[in-house]
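Peer 1: As a plain string of letters, each chain reads:
There are 2 protein chains.
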Amino acid sequence: MSVTAAKGFEAAGVAAGIKVSGSEDLALVVNRGPRLAAAGVFTANRVKAAPVQWSEQVLRSGRVSAVVLNSGGANACTGPEGFQDTHATAEKAAEVLGHSAGEIAIASTGLIGVRLPMDKLLPGIEKAAAGLSAHGGEKAAIAIKTTDTVHKTAVVQGDGWAVGGMAKGAGMLAPGLATMLVVLTTDADIDTAGLDSALRAATRSTFDRVDSDGCMSTNDTVLLLASGASGITPGLEVFAEAVREVCDDLARQLIGDAEGASKDIRIEVINAASEDDAVEVGRSIARNNLLKCALHGEDPNWGRVLSAIGTTSAAFDPDRLNVAINGVWVCRNGSVGDDRDLVDMRYRDVHIVADLAAGTRTATVRTNDLTADYVHENSAYSS
Amino acid sequence: MSVTAAKGFEAAGVAAGIKVSGSEDLALVVNRGPRLAAAGVFTANRVKAAPVQWSEQVLRSGRVSAVVLNSGGANACTGPEGFQDTHATAEKAAEVLGHSAGEIAIASTGLIGVRLPMDKLLPGIEKAAAGLSAHGGEKAAIAIKTTDTVHKTAVVQGDGWAVGGMAKGAGMLAPGLATMLVVLTTDADIDTAGLDSALRAATRSTFDRVDSDGCMSTNDTVLLLASGASGITPGLEVFAEAVREVCDDLARQLIGDAEGASKDIRIEVINAASEDDAVEVGRSIARNNLLKCALHGEDPNWGRVLSAIGTTSAAFDPDRLNVAINGVWVCRNGSVGDDRDLVDMRYRDVHIVADLAAGTRTATVRTNDLTADYVHENSAYSS
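Chains as they are written, first to last, in UniProt numbering: chain B, 1 to 383; chain P, 1 to 383.
Think of the hints as simulated: they come from the structure by calculation, not from any bench. Treat the hints with care, as some may be off.
[Said to hold, decoys possible] Lysine to aspartate or glutamate pairs mimicking DMTMM-like chemistry, simulated, CA-CA at most 25 Å apart:
| # | chain 1 | residue 1 | chain 2 | residue 2 |
| --- | --- | --- | --- | --- |
| 1 | P | Lys7 | P | Asp191 |
| 2 | P | Lys263 | B | Glu138 |
| 3 | P | Lys7 | P | Asp119 |
| 4 | P | Lys120 | B | Glu103 |
| 5 | P | Lys263 | P | Asp248 |
| 6 | B | Lys263 | B | Glu103 |
| 7 | P | Lys127 | P | Glu95 |
| 8 | B | Lys120 | P | Asp339 |
| 9 | B | Lys263 | B | Asp338 |
| 10 | P | Lys263 | P | Asp191 |
| 11 | B | Lys263 | P | Asp339 |
| 12 | B | Lys127 | B | Asp159 |
| 13 | P | Lys263 | B | Asp338 |
| 14 | P | Lys263 | P | Glu237 |
| 15 | P | Lys120 | P | Asp159 |
| 16 | B | Lys263 | P | Asp248 |
| 17 | B | Lys120 | B | Asp159 |
| 18 | B | Lys127 | B | Glu138 |
[What the hints assert, rightly or not] Counterexamples of contact, computed for chain P against chain B with all Cβ distances above 10 Å:
| # | residue |
| --- | --- |
| 19 | Val47 |
| 20 | His99 |
| 21 | Arg115 |
| 22 | Pro117 |
| 23 | Gly235 |
| 24 | Glu245 |
| 25 | Leu290 |
| 26 | Ala294 |
| 27 | Pro318 |
| 28 | Asp319 |
Here a beta-carbon is modelled for each residue, glycine too, at the ideal position from N, C-alpha and C.
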């Protein structure tokens with residue numbers, strides 16, 4: 001049910017003609033209230049797309065009445081003209097919906113450095129607005145796809161309220177978030193501060209710990225909109241956990257659909273001196289191209305895990321490191337452990353445990369393997 | 001002429017049976033003096049192979065009489081037993097050559113986490129010693145190859161003296177050096193302090209700025225040995241420049257032979273506020289998998305360059321960035337520049353200029369593209 005699982009929301013997805021393929025490429029999500037509270041997190045990349053610059057400004061008010069999302073073009077590195085295109089998009093949506101442009105968030109995804117075809121995008125907004133429906137969540141999720149092979153949605157039901165969401169993203173997944181667009185909605189009656197704290201906590205342990213290819217996008221956007229339409233205000237902890245579950249579900253779907261991937265790799269760093277150490281080590285392992293190739297070839301090459309750990313600043317003694325791959329402790333005390341031939345690598349899921357033997361903290365980072373398909377797909381990218 | 005271009009050195013390369021293929025796998029380089037001065041730089045990886053731990057200790061004395069190098073096994077992550085294997089290798093070479101074990105440096109390359117077959121390696125040292133020759137440099141260079149398709153040597157002639165060297169390395173090339181073994185020799189009469197300063201300066205602007213796949217090895221070793229056999233002590237600046245030239249030549253050969261590469265990419269960062277900024281930006285671009293795939297596909301995708309710059313902490317204004325690919329300024333002022341169709345991508349060499357418009361400093365980082373061949377080669381690595 002995506003973004004329309006929560007009461008008070010309508011959505012639509014249409015083909016506006018932005019993509020030359022003619023596929024759906026424009027999504028609209030509208031909050032019918034009574035509350036219009038919202039929070040957002042955006043890419044940490046210092047080269048930010050025009051829609052990110054615009055939406056960061058909109059989110060400062062903590063109030064979002066609608067989100068316009070397009071695939072088929074990132075509107076990044078497009079200069080002042082690109083920002084004017086985003087502004088014009090918000091103005092058009094405001095006019096059609098009878099809202100204020102300053103309450104309308106914009107998100108774009110696709111090629112960097114290309115202007116959007118505004119002559120197609122603006123009429124597309126009218127078409128989407130005409131198609132708005134309380135059952136439009138799936139269509140919206142489909143319209144934001146680029147190289148995604150499937151659309152991604154998730155819902156968690158609370159006691160009389162719900163949190164739902166949609167996501168797109170396949171390449172460029174990285175710690176600073178990805179060319180990852182996510183819209184979450186809830187009908188719980190939560191104010192902006194509550195939404196903000198729940199969203200930041202959730203992204204920190206979910207999307208921020210997905211690292212497909214180490215690349216950080218110019219367009220990453222995660223929005224959480226609350227309509228308050230259920231009339232219920234759950235405890236913040238319960239609400240935050242529901243948001244985290246939806247984010248975790250979507251994050252897994254993103255990594256599972258990563259470009260060219262044949263393995264889903266879960267890296268669990270244990271006994272770290274700090275959570276920061278655990279995350280640093282997890283990311284270093286997740287970004288090691290040689291390891292990712294080895295796992296693609298079903299080779300439990302733990303030497304490449306140790307080599308990746310060795311490049312970090314985390315606290316550890318090289319002679320006390322232990323590594324398990326799919327349950328077999330192939331490295332003990334920094335040296336050869338159990339027989340690597342015991343490791344069963346036939347399945348899509350790969351589980352690596354890196355034991356730093358330096359403390360009690362833990363973190364899990366998810367990634368995928370590096371494949372020839374990834375190379376092919378990204379040697380001739382078109383959205 | 002490799003490591004025997006300089007007077008006072010003998011070398012050999014033999015097949016000891018360490019590699020199952022039966023190819024050459026053991027090299028020996030001997031300094032016949034009169035001087036036995038040496039300097040070394042080693043991997044920055046905190047997980048260091050046994051031979052690196054050993055050789056770091058040897059180099060503290062500033063005196064090296066011989067170097068034993070083997071391919072077919074990295075002797076990394078092999079525990080106290082692995083260190084004993086390295087020690088036994090040095091003892092055996094000392095015995096055969098009539099030297100002290102504490103003057104013998106060891107370098108190994110190959111798979112991590114596998115013990116060396118000492119029953120083959122030790123007899124191999126006798127065989128190599130029996131084959132030592134003042135013309136053995138090429139054979140030594142051949143014996144240290146792993147996935148290298150060609151052996152790599154370079155020589156610079158001074159006025160009555162020379163600097164020569166050999167290198168191996170194809171994968172794992174990264175800022176902290178690579179599974180890169182390099183031995184440089186000179187017959188110039190230079191003391192340890194002079195060798196050390198020349199070597200550190202040279203590696204900093206050559207091997208340290210080669211980044212093939214972002215992976216940092218456990219075994220990187222670069223040694224510079226001086227025999228003083230020419231009886232000439234050149235000025236330190238002239239000598240340092242000769243060392244830099246040999247290192248630069250070898251570094252280019254390494255990147256040109258990088259696993260699976262079809263493009264040699266030179267990234268020149270200009271107008272940076274500091275050299276550190278320029279290097280950070282160059283490395284970030286060099287490590288961007290998406291860009292490396294695009295260049296493989298002959299796609300001048302400057303958006304991926306900007307996206308990589310945006311992840312750094314370097315000083316720049318996103319709206320003032322300029323990027324040229326093969327001489328065409330495809331990005332001006334952070335936005336669309338000249339027509340990208342003008343970029344000729346047909347040749348192996350690719351030249352990227354990233355203008356940060358933030359100062360006057362510059363740095364060049366070399367890398368290669370990411371290809372399906374790289375994935376294949378590293379999905380089933382065997383040395």
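Peer 1: For lysine 127 of chain P and glutamate 95 of chain P, compute the direct alpha-carbon distance and say whether it is at most 25 Å.
Peer 2: The hint holds at about 13 Å.
Peer 1: Regarding the assertion that arginine 115 of chain P does not contact chain B, is the least Cβ-Cβ distance greater than 10 Å?
Peer 2: violated (7 Å)
Peer 1: Does glutamate 103 of chain B sit within 25 Å of lysine 263 of chain B, going by the straight-line distance between their CA atoms?
Peer 2: Violated, at about 41 Å.
Peer 1: Does glutamate 138 of chain B sit within 25 Å of lysine 127 of chain B, going by the straight-line distance between their CA atoms?
Peer 2: It holds: about 17 Å lies between the C-alpha atoms, which stays within 25 Å.
Peer 1: For the pair we were handed, lysine 120 of chain B and aspartate 339 of chain P, check the Cα-Cα distance against 25 Å.
Peer 2: holds (23 Å)
Peer 1: Does glycine 235 of chain P really sit off the interface, with its C-beta more than 10 Å from all C-beta atoms of chain B?
Peer 2: holds (38 Å)
Peer 1: A cut-off of 10 Å on Cβ-Cβ distance, and histidine 99 of chain P was said to be off the interface with chain B. Does that hold?
Peer 2: holds (29 Å)
Peer 1: A cut-off of 10 Å on Cβ-Cβ distance, and proline 318 of chain P was said to be off the interface with chain B. Does that hold?
Peer 2: violated (5 Å)
Peer 1: Just double-check aspartate 319 of chain P for me: nearest Cβ-Cβ distance to chain B has to come out over 10 Å.
Peer 2: violated (8 Å)
Peer 1: Check the hint pairing lysine 263 of chain P with glutamate 237 of chain P against an upper bound of 25 Å on the C-alpha distance.
Peer 2: At roughly 34 Å apart (the allowed maximum being 25 Å), glutamate 237 of chain P and lysine 263 of chain P break the hint.
Peer 1: Take a quick look at valine 47 of chain P and tell me if its Cβ sits farther than 10 Å from every Cβ on chain B, holds or violated.
Peer 2: The assertion about valine 47 of chain P is violated, with a minimum of 3 Å to chain B.
Peer 1: Hint check: lysine 263 of chain P vs aspartate 191 of chain P, CA-CA at most 25 Å. Holds or violated?
Peer 2: violated (40 Å)
In this structure, the hints that do not hold are numbers 2, 3, 4, 6, 10, 11, 12, 13, 14, 15, 16, 17, 19, 21, 25, 26, 27, 28, in rising order.
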